[in-house]
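So the sequence lines, in the order shown, correspond to chains A and B. Residue 1 is where the first sequence starts when you use the numbering used here, and the numbers rise one by one after that. Residue 1 is where the second sequence starts when you use the numbering used here, and the numbers rise one by one after that.
These are computed hints drawn from the structure, not numbers from a lab. Some clues are possibly wrong.
Just so you know, same-sequence chains aren't split out, so a pair can sit in one copy or run between any two.
To be verified - The list that follows gives simulated cross-link-like pairs (lysine-lysine, DSSO-like), each with its CA atoms no further than 30 angstroms apart: (1) Lys101 <-> Lys3; (2) Lys347 <-> Lys3; (3) Lys401 <-> Lys357; (4) Lys101 <-> Lys347; (5) Lys3 <-> Lys401; (6) Lys401 <-> Lys38; (7) Lys38 <-> Lys357; (8) Lys38 <-> Lys3; (9) Lys202 <-> Lys357; (10) Lys357 <-> Lys347; (11) Lys38 <-> Lys101; (12) Lys38 <-> Lys347; (13) Lys101 <-> Lys202; (14) Lys79 <-> Lys401; (15) Lys79 <-> Lys3; (16) Lys3 <-> Lys202.
Fair warning: this is a prediction, and the values are worked out from it, not measured in the lab.
2 protein chains.
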Amino acid sequence: MAKAELAENGPVRGTMVVRPYGFAIWERMQSELDRRIKDAGAEGAYFPLFIPESYLRREAQHVEGFSPELAVVTHGGGKELEEPVVVRPTSETIINTYFSKWVQSYRDLPLAVNQWCNVVRWELRPRIFLRTTEFLWQEGHTCHATMQDARDYALRILTDVYADFMVNVLAVPVRVGRKTDAERFAGAATSWTTEGMMRDGKALQMSTSHELGQNFARVFDTMYVSETGEREYVWQTSWGASTRLMGALIMGHGDDAGLRIPPALAPVQVVVVLVRDEEQTGERAAALAAELAAAGVRVRLDDRVDTTFGRRAVEWELRGVPVRVEVGPRELAAGNVTVVRRDNQEKSQCPLVGVVKRVAALLQEIQAALLAEATSLRDQRTVEVDTVDEALEAGSGGFAKLSSTRLGADGEARLNDEGLSIRCLQRPDGGLPLGGDDEETVAFVSRAY
Amino acid sequence: MAKAELAENGPVRGTMVVRPYGFAIWERMQSELDRRIKDAGAEGAYFPLFIPESYLRREAQHVEGFSPELAVVTHGGGKELEEPVVVRPTSETIINTYFSKWVQSYRDLPLAVNQWCNVVRWELRPRIFLRTTEFLWQEGHTCHATMQDARDYALRILTDVYADFMVNVLAVPVRVGRKTDAERFAGAATSWTTEGMMRDGKALQMSTSHELGQNFARVFDTMYVSETGEREYVWQTSWGASTRLMGALIMGHGDDAGLRIPPALAPVQVVVVLVRDEEQTGERAAALAAELAAAGVRVRLDDRVDTTFGRRAVEWELRGVPVRVEVGPRELAAGNVTVVRRDNQEKSQCPLVGVVKRVAALLQEIQAALLAEATSLRDQRTVEVDTVDEALEAGSGGFAKLSSTRLGADGEARLNDEGLSIRCLQRPDGGLPLGGDDEETVAFVSRAY
Chain A
1 MAKAELAENG PVRGTMVVRP YGFAIWERMQ SELDRRIKDA GAEGAYFPLF
51 IPESYLRREA QHVEGFSPEL AVVTHGGGKE LEEPVVVRPT SETIINTYFS
101 KWVQSYRDLP LAVNQWCNVV RWELRPRIFL RTTEFLWQEG HTCHATMQDA
151 RDYALRILTD VYADFMVNVL AVPVRVGRKT DAERFAGAAT SWTTEGMMRD
201 GKALQMSTSH ELGQNFARVF DTMYVSETGE REYVWQTSWG ASTRLMGALI
251 MGHGDDAGLR IPPALAPVQV VVVLVRDEEQ TGERAAALAA ELAAAGVRVR
301 LDDRVDTTFG RRAVEWELRG VPVRVEVGPR ELAAGNVTVV RRDNQEKSQC
351 PLVGVVKRVA ALLQEIQAAL LAEATSLRDQ RTVEVDTVDE ALEAGSGGFA
401 KLSSTRLGAD GEARLNDEGL SIRCLQRPDG GLPLGGDDEE TVAFVSRAY
Chain B
1 MAKAELAENG PVRGTMVVRP YGFAIWERMQ SELDRRIKDA GAEGAYFPLF
51 IPESYLRREA QHVEGFSPEL AVVTHGGGKE LEEPVVVRPT SETIINTYFS
101 KWVQSYRDLP LAVNQWCNVV RWELRPRIFL RTTEFLWQEG HTCHATMQDA
151 RDYALRILTD VYADFMVNVL AVPVRVGRKT DAERFAGAAT SWTTEGMMRD
201 GKALQMSTSH ELGQNFARVF DTMYVSETGE REYVWQTSWG ASTRLMGALI
251 MGHGDDAGLR IPPALAPVQV VVVLVRDEEQ TGERAAALAA ELAAAGVRVR
301 LDDRVDTTFG RRAVEWELRG VPVRVEVGPR ELAAGNVTVV RRDNQEKSQC
351 PLVGVVKRVA ALLQEIQAAL LAEATSLRDQ RTVEVDTVDE ALEAGSGGFA
401 KLSSTRLGAD GEARLNDEGL SIRCLQRPDG GLPLGGDDEE TVAFVSRAY
């Protein structure tokens, strides 16, 4: 984290500073997610940071869930405020206040908005990117005419936006499933989740998509007039993914030498490192970087020859750049450069004339290899078990998989006592449990961040 | 504002909700500005929302300037905080805390970071987009080895990022100049500004770029070791532009029918309006929209034929879409469509086969016409005067232009008493006053938002 210059702690406990290299990765995450969100029909918007305390109190479960984590502004402009305001921990309440004005008729539905913003949840055990008092995220909020429409949309976001990004860009295989009642978002009817397995055997909740039912609609009077002239409450969803995804990148792919960024995500896909500037090596390295850029590769030229080559090589490894192309006088004399894969550290010689083609192939290979490696590790760490005791053991170093009815509420409570939890529920074939649970419903149990 | 569905007031006084259409415009502003900022070498980063109160107190002028506007968090996670934290009104103090760790050697300079974020300045007389308690902005912060490097960078941002965006994208001609000592940013050595003239005769400060000198460096110990081995304080800049630019768009181009968005900025440049769906008119309209999209035009198809044509036409006018292409059965029978310019409401018939070419030409014409119109209005409202009394009169409905030494500190105080201010100082040829002021230095006086 520190050596790769990703982020560091802020002065107020639990806050963080995202440094330029870390932020460049986050910007790539944002752009990939935002494109998918807009493709799903949600439009950008922005709602205020400050929410009157009374708004949060209106939905009983919601306030119960968030009260312990709130930051409260009591003074503004040099005066004590008449009503304290909270710094948004999430925006269901304030957004519903506006939805109830904007939605009148079935013609206004579906209504889907998304905002990229900061939120604050006071964190007792902060850890950069994984649990921070302030974090950056996107939160989507929608209104629909029917429960089915809302469900379809919540699941569309879950699969087409989140799981697609995580698998195909971030190269982290995720278990997609439903949260148990105990793990449900405060105020939701049903919460869906994508759960990744990190390299240390802990699970990470990487995004959630909630069906809110009519819970907030009833409290905030968000109603529409149907085609037949009836006034009905809307059905809603909300869904979010945050800078926690940076944690997934680090804990899901990092090795002892530092980050390993999947090429589809990497702000720098290839670094061309000039070993020494002798006999036109510098010109050749610059020309090669330009050629790669022209071919659409996100490339950086490192010609800082006043720093030792070894130190720079270590720095690019730390930063997880997928491919390093080393341009030195000796190889160049033979018409070659050295190409190094970050994922497995393999080095090979490549004729200078074939570098662009080789790099393009390598970027695809590395993307696939990181996903395959993470999938294999995840599968190795998934153990089918039969009892709560076995789940406690297997779930301490990966996913324990067992029947959810066998666990039951008592089993879940025992897991929680030991610091484990049910990360998600699935059908036996890996599908989503859309109906009620039965003894075939599978629970994945693990420790989690 | 309301009818075009741009924004509305938030529940906490002075806050705002930016609605999807307004936010789409802001996203275009962000993307145009961010590209220019990155071209100028500044990298994205993120610093915490919460700043310990003590940090702000460290720079005397800075705290004096911002204290009256602070929002203060006194409680977090259910407890009273040991030290209250303020919600950032701007980030010089917290960023310098990190710069002082990151900068060691002259090799680390220049260091340039930029963050897009929300800031809070408690506002007694709020007005959406122009003066809001919470607003969105970018704030850039840099460190340099010499005063000259810092100045060069502050001015590069002022001209290549801000003025270029405002003139060539937003189509608002800006007076680029220096702030007087009285109008300088709290903690800066020199503040540079871009001042627009709105259609109601008031000036709007549309961005600022500050030379901070070594003021913050001395307080936060931001030092570097020079090539000759000396420890030196860095020279710094900071610069920002905010959602106030949305105000500039509305007040700088809007007319009685609503917004008029310059094509280079517009999220929707062309709307293809299906008048009635008869005799394949619908297919033709959809095909035309697809053709325009393929040509790189940001186009929207409006085929909501269950809403009257008149109502929809008014809606697109309100929303300021530069070009409206009306596709109806009667014109189509003659092989034509109707093309309407939003800037001057001119309507013309255009052969269907020539629409793409015509639209491309029109978008350029409209961009130029809006800038020409705003420039002409601004120039008409600029009056050269000789006395403070004349400045008070002329500056009440536009820019009064006079010698700054003739005004003097007493004159400036009198202007301020009457609600006017010196918006900026320039050389007689319109250039920047880089040296000290003399009697040739020109002051532009106006009322301002």
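inquiry  = Need the list of violated hint numbers for this structure, in ascending order.
reply    = 3, 4, 5, 6, 9, 12, 13, 14, 15
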